[in-house]
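Chains A and U, in that order, give the protein sequences.
Using our numbering, the first residue of the first sequence is number 35, and each one after it goes up by one.
Using our numbering, the first residue of the second sequence is number 634, and each one after it goes up by one.
Where hints are given, some of them may not hold.
Ranges of calculated distance between the beta carbons of each label pair, as one might list FRET restraints [to be verified]:
#	chain 1	residue 1	chain 2	residue 2	range
1	U	M728	A	T349	26 to 36 Å
2	A	Q381	U	K726	52 to 62 Å
3	A	L298	U	S696	54 to 64 Å
4	A	I301	U	K739	43 to 53 Å
5	A	T349	U	R661	46 to 56 Å
6	A	L406	U	S696	19 to 29 Å
7	U	G697	A	L406	21 to 31 Å
8	A	T349	U	G788	27 to 37 Å
Some chain A residues well away from chain U (every beta-carbon gap over 10 Å; in silico) [claimed, not checked]:
#	residue
9	Y103
10	A280
11	A308
12	V388
It is worth saying that the hints were derived from the structure and are not from the lab.
No residue lacks a Cβ here, since even glycine has one placed at the ideal position from N, Cα and C.
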Amino acid sequence: MNLLAIKMLMGDRLKYFGLIVGMTFAAMMIAQQASIYSGLKSQTGTFIRQLSNVDLFVMDEQVRFSEDYKPIPDTALQQIRGIDGVSWAVPIYKNWLRARLEDGTRLTVIVIGLDDATLTGGPAEMVDGSLADLRRDPGVLIDVRDAATKLKLERSGGVPIKVGDRLSINDTDAVIVGSYRGNPSFFWEPTIYTTYSRALRFAPRERHLMSFVLVKLKPGVDAALVQSLIAERTMYRAKTGPEFEAATSGYILKQTGILVNFGLAVILGLIVGALVTGQTFFNFTLDNLRYFATLRAMGVSSLRLVAMVGSQVFTVTSISFGLGIGLAAAFGVIITKTDLAFLMPWQVLAITGVSMFGVASLAALLSLYKVLRLEPGMVFKA
Amino acid sequence: MSNAQASRPPNTANHASGHAATPAVVCRGVTKTYGKGTSAVFALRGVDLSVAPGELLMLVGPSGCGKTTLISIVAGVLDHDEGDCVVYGRNLKSMSNAERTEFRGKTVGFVFQSFNLIPTLTVAENIAVPLLIAGSSRAEAISRSRDILGRVGLGDRWNSRPANLSGGQQQRVAIARSLIHHPRLIVCDEPTSALDHKTGHDVMQLMREVALSSGQSLIVVTHDARIFEFADRIARMDDGKIESIDTPGRALAASHGAVP
Numbered sequence: 035m036n037l038l039a040i041k042m043l044m045g046d047r048l049k050y051f052g053l054i055v056g057m058t059f060a061a062m063m064i065a066q067q068a069s070i071y072s073g074l075k076s077q078t079g080t081f082i083r084q085l086s087n088v089d090l091f092v093m094d095e096q097v098r099f100s101e102d103y104k105p106i107p108d109t110a111l112q113q114i115r116g117i118d119g120v121s122w123a124v125p126i127y128k129n130w131l132r133a134r135l136e137d138g139t140r141l142t143v144i145v146i147g148l149d150d151a152t153l154t155g156g157p158a159e160m161v162d163g164s165l166a167d168l169r170r171d172p173g174v175l176i177d178v179r180d181a182a183t184k185l186k187l188e189r190s191g192g193v194p195i196k197v198g199d200r201l202s203i204n205d206t207d208a209v210i211v212g213s214y215r216g217n218p219s220f221f222w223e224p225t226i227y228t229t230y231s232r233a234l235r236f237a238p239r240e241r242h243l244m245s246f247v248l249v250k251l252k253p254g255v256d257a258a259l260v261q262s263l264i265a266e267r268t269m270y271r272a273k274t275g276p277e278f279e280a281a282t283s284g285y286i287l288k289q290t291g292i293l294v295n296f297g298l299a300v301i302l303g304l305i306v307g308a309l310v311t312g313q314t315f316f317n318f319t320l321d322n323l324r325y326f327a328t329l330r331a332m333g334v335s336s337l338r339l340v341a342m343v344g345s346q347v348f349t350v351t352s353i354s355f356g357l358g359i360g361l362a363a364a365f366g367v368i369i370t371k372t373d374l375a376f377l378m379p380w381q382v383l384a385i386t387g388v389s390m391f392g393v394a395s396l397a398a399l400l401s402l403y404k405v406l407r408l409e410p411g412m413v414f415k416a
Numbered sequence: 634m635s636n637a638q639a640s641r642p643p644n645t646a647n648h649a650s651g652h653a654a655t656p657a658v659v660c661r662g663v664t665k666t667y668g669k670g671t672s673a674v675f676a677l678r679g680v681d682l683s684v685a686p687g688e689l690l691m692l693v694g695p696s697g698c699g700k701t702t703l704i705s706i707v708a709g710v711l712d713h714d715e716g717d718c719v720v721y722g723r724n725l726k727s728m729s730n731a732e733r734t735e736f737r738g739k740t741v742g743f744v745f746q747s748f749n750l751i752p753t754l755t756v757a758e759n760i761a762v763p764l765l766i767a768g769s770s771r772a773e774a775i776s777r778s779r780d781i782l783g784r785v786g787l788g789d790r791w792n793s794r795p796a797n798l799s800g801g802q803q804q805r806v807a808i809a810r811s812l813i814h815h816p817r818l819i820v821c822d823e824p825t826s827a828l829d830h831k832t833g834h835d836v837m838q839l840m841r842e843v844a845l846s847s848g849q850s851l852i853v854v855t856h857d858a859r860i861f862e863f864a865d866r867i868a869r870m871d872d873g874k875i876e877s878i879d880t881p882g883r884a885l886a887a888s889h890g891a892v893p
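For reference, chain A alone in the conformation it holds in the complex (with noise of 0.2 Å):
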């Protein structure tokens, strides 16, 4: 009975048709709003998740997001190097500062000092030179896709900026040694990386400058030992990577509206994409009554027709949620190569997944109600 379920599922190609698009734009619409805001979301954690082999981040205990820059004084990385359990700890400077290009144009750009002698948490992809040559003063790294578009020089015609050209930071000359490419960032101001020792040059006079201390532990130790004993033996607290990461998402969340809207927008494409899927199943069924309504007269149980109605859902809303999946992914492909947030983890896939087989199937159970109910009037009827 399930296969004359499918077959009369099929047998109208234009119906068929009409339901498979109908609800693989409904889920390419789910998937791809999801996968927009969760790229968003991801972006917030860039610097972070580049810092990969870092396993502690510790922080004054006013920070609130990757971008907040509150600093601590040099004396807190030797109290932390001093602390059972850690392995290496390093400095590192993040701040926001104003720049200016060799043609006038001023801007404010993201500045990363990495500890001197280990250039710990650098760019993982070089285009032009090498980590190195960070080493050579007054030397910088720009991100290769920034040098077209954010670092250009306006002043003189748009034209990029290049390794050897030069600019100031803060009135302090640097020269760009090398090129990286980064992981599109939600924060949307170039990055710059130097030494930490440069970036404390750049940097205006304050009593502290520096923005982290970086932990890696020893191998088998507990990080929530260490951040404990962090805790107790300084003024800062120590967050892990995923811990650091949800906290500036939550913070961009919750401060900002960008990610309330956009995930409003994923509420929206959610409810039109479940609408959609719904009406476009309740229609089909509700076209099929008369013959729901046949069977149940000749003897079909109420489980079976549930069952074949449910083979139904289940096949139209396989074929649409793979394709819209498809969709959403090719769309999320075809912007790779742009700053655009696309992230599509499984989530995503069970979320969409899950209000489609939700939505179908209830739309198809509300508009078998009334063959359940069977009215004689409606097998009898002309």
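Once you've looked at the hints, dock chain U against the given chain A.
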């Protein structure tokens, strides 16, 4: 003597009196009301009816007189309020929903006014439905439906879609579907109303030949006086009651305003 009369089974004389030895259907004091209170509609007001095995009984009467309600109750599609309705020894009132569903699948065949063939299935698949409901394999069901298609004169159309058949052919398919699982009772709702006279005549001829030759009982709801000749008895209903039960000749005369 008409073709219809010529093709009647030999026990027709017994049916005319309405008293066969073991009745296929016995209804006593059956009532049915739709709605409640002031909006209540009394569809059946105490119907007594019996149908013998191998008999073709026609239910006639004006629209809204309760014909469809009565065959719905007899077929186990609809509950009745009071009275008893026993079909082949089974009291419908005492059956659970699941038992009634199983009863319909095994005991009753349906022929509908608008055929109710599933348009996306082939003719053979449509006919195979009752066997599939009963649990037969698809291959067996299709094979048997092709056999019975030959008996209704559509052996070469097994792979067609219903939309590609004429009205008469579709009703033949519907008849084949109603017969394939050998139900003991077949209920037909206005089987010829969508057909021209000749096609309607052919369809009724077919039903008499194919169904009654196997001893199945038929209850046919109709407005079409032109097919009265195929009935063994004709029950005239009005306002939820059976007013009279006649032979085809008397019923035909009554429908023309002259009762012999």
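Here's how the hints hold up against the structure:
no.	hint	in the structure
1	U:M728 - A:T349: 26 to 36 Å	holds (34 Å)
2	A:Q381 - U:K726: 52 to 62 Å	holds (54 Å)
3	A:L298 - U:S696: 54 to 64 Å	holds (55 Å)
4	A:I301 - U:K739: 43 to 53 Å	holds (51 Å)
5	A:T349 - U:R661: 46 to 56 Å	holds (48 Å)
6	A:L406 - U:S696: 19 to 29 Å	holds (28 Å)
7	U:G697 - A:L406: 21 to 31 Å	holds (26 Å)
8	A:T349 - U:G788: 27 to 37 Å	holds (32 Å)
9	Y103	holds (67 Å)
10	A280	holds (51 Å)
11	A308	holds (27 Å)
12	V388	holds (29 Å)
In this structure, none of the earlier numbered hints is contradicted; all agree with it.
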